[in-house]
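**Student:** Model the placement of chain B on the given structure of chain A, informed by the hints.
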Amino acid sequence: MANKTYSFYPGCSSQGKASSSNYLTSTNSMCQKLGITLNEVPDWNCCGASIGYGGGGELPRVVLSARNLALSEQHNAGQDMVATCAACWLASREAKERLDHSPEMKADANVALKEAGLEYKGQAQARHMVEVLLEDIGMEALQSGVKKPLKGIKFAGYVGCQTNRPFGIVGESFENPMYLDNMIEAMGAEAVSNYDQKVTCCGGALAFSEPEKSQKQIKDIIESAYDHGADMIVTPCPLCQANVEIYQGEVNKRYGTKFNIPVTYYSQLITVAYGGTAAEAALGGHLVAPAKLADIANK
Amino acid sequence: MSEMKYHNNFLREVEERVEEGHMVKMCMQCGVCSGSCPFGPHWAHPPQELFMMIRAGKREEVLSSDSMWMCTSCYQCIVRCPRKLPITHIMHGLAYLAKREGKVPKGQPTAQFGQMFWDNLTKTGRVNELKLSLSLYFKDGFGQGIKNAMAMQSVGLGLMKAGRLNPLEILGGHSIKDKSGFQAMLKKAREIEDTRRKLA
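Taken in order, these protein sequences are the chains called A and B. The opening residue of the first sequence carries number 115 in this note's numbering; numbering runs sequentially from there. The opening residue of the second sequence carries number 33 in this note's numbering; numbering runs sequentially from there.
Hints in this document: simulated from the structure, not taken from any laboratory. Just so it is clear, CB atoms sit at the ideal spot from N, CA and C, and this is done for glycine as well. Any given hint might turn out to be false.
Stated by the list, open to error - The following label-pair restraints were derived from C-beta to C-beta distances: (1) B/193 x A/253: 46 to 56 Å; (2) B/174 x A/393: 37 to 47 Å; (3) A/310 x B/116: 24 to 34 Å; (4) B/177 x A/368: 13 to 23 Å; (5) A/371 x B/193: 14 to 24 Å; (6) B/215 x A/214: 49 to 59 Å; (7) A/214 x B/232: 21 to 31 Å; (8) A/368 x B/170: 14 to 24 Å.
Just chain B, same shape as in the assembly:
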């Protein structure tokens, strides 16, 4: 990237450190992504605006925004983008960089849930749906957790009755066999990515 001397620093940083970040500069500001997004009304800065802000060097505003955490991964923006920007992936990448740089707004629910999901799956190699639900309900403390769990009681009981939720999962549940190899693999992958993206 060094030959691009007129690129601003933040655009250059995004190109180097964000998943598919090299495509940000290709945005032509048409706004089809923003109009296609199911959570469009809830974004403070819709995708094309984030791209413009990156090009304007607004590092703090972009990384501390909760906008990219509104992505539901529906891929509508990707298939409609006339310039074929992988917008969904860029949103994921920006969100992850924000997390690693400690810029995520406090209590951002999808950032919290995303981390819970990752921690849950990496523990045994497979998702434990019961523990995942409970960690979400109890994220704001025990009292709130009981309230949340009570509010969702009918859903939980319905699923149990339908054979789609197992209370015994709390004791361990599904797991892969080669947990140690699996975890070593993920540790190594993270090391490599952290070095390449200067995230460490």
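Excised from the complex, chain A in its bound form:
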């Protein structure tokens, strides 16, 4: 396959035994199968996510990303910096946009970065792994490598917010992006064709601070997946994944529902469809086991 090399920003939630460590494991497996080499940004820091605004304000938040981009420029020169987490990507790209468009902000950020012995030049691009798959590899090539089609599984493709807005994927609409559905079909599975909750917000960080309000969002997202006959939900975002999976018990208590639906990552689908094992796809890393996907992986 492709033999492509990127600078890689994994992000806090994908670290060992953190909430999306299964995303990282399956990403590594997927990239290995696709011929993608990932060079981790040395000593990367948290992006501040969105909720960082409350304590950090603007410039401190922007320099968090500037530091990562500066480290990437310096150590992985000439390589695009790729993130798998929606918030990491959004923060990096947002910061880059502001730094590259405002000479004053760039100068301010560099005064701060100097304290850490770094300089932001603006050479590295901030990209999402989904962009790598769609733009650098392409859906056709992605499909052509499938060894075990995910036959008989119906997925609700839950894109969520921050992989989709405000930047999104070039050529896709904010209101009804199709790439995740296309990816599901390319892996030989069936996509829910009219999943009306595909870009609904899961509450994000407010799932922690405003659980009642957020769980209403989560309920809508899952309810529609069930009503459209989905066996599983699949998403590109680690916070969407966590919120929609781990609060199902709470939602059931609050609303009297009986939700018990697996929530997976696209990287797990691709890993399994490319012949990877359940361990390579990190299928053990779920509260609700994706049994149908494991069945195909174990075949």
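**Tutor:** This is chain B only, laid out in the frame that chain A set:
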């Protein structure tokens, strides 16, 4: 801004002190943001109303409102705004100004959580998810903390079983190497912003 002599004082203050505040005056009051917001029903003053209040000079009402703390950062309002106001960022900026001016309603949960998140990440350069959850559960004291933790026990145990929560994180956990450079960088960034926005 000095040439804009008919601007009211609070609009001028927002333009100078709030992230992307210079765009507030561009709001045309269509209400698409309010209709698009997932937490719309919970806002006392939805975004377009806050913009109108700013233009009417209602400083106290705006800054002491809990409305902007309802923002989930879903960016729906930004992509739909016909005038391309960066509404999400303006909400973040208003919330931060309210915090620095000491106007946040007491016990506002997202304001509290936002601060915990920032304190958590700046300590080691990376988020410690276990300590973050515990600081949230125990924010209202020990007794309530035990109750909260017990209520969320099945989630915690489930995550631990799935290898997605490490009880040993309590002892330290993930960290960057250059903590001192990182913290000096953030301190400097805050100094610069405080001077520019007259926040100190």
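**Student:** Now, for every hint given, state plainly whether the structure supports it.
**Tutor:** Going down the list of hints, with the structure as the test:
1. B/193 x A/253: 46 to 56 Å: 36 Å, violated
2. B/174 x A/393: 37 to 47 Å: 41 Å, holds
3. A/310 x B/116: 24 to 34 Å: Holds - the Cβ-Cβ distance for residue 310 of chain A and residue 116 of chain B, about 26 Å, lies within 24 to 34 Å.
4. B/177 x A/368: 13 to 23 Å: Holds - the Cβ-Cβ distance for residue 177 of chain B and residue 368 of chain A, about 21 Å, lies within 13 to 23 Å.
5. A/371 x B/193: 14 to 24 Å: 23 Å, holds
6. B/215 x A/214: 49 to 59 Å: 26 Å, violated
7. A/214 x B/232: 21 to 31 Å: 28 Å, holds
8. A/368 x B/170: 14 to 24 Å: Given a distance of about 23 Å, which is inside 14 to 24 Å, the answer is holds.
Hints 1, 6 from the list above are not met by this structure, while the remaining hints are.
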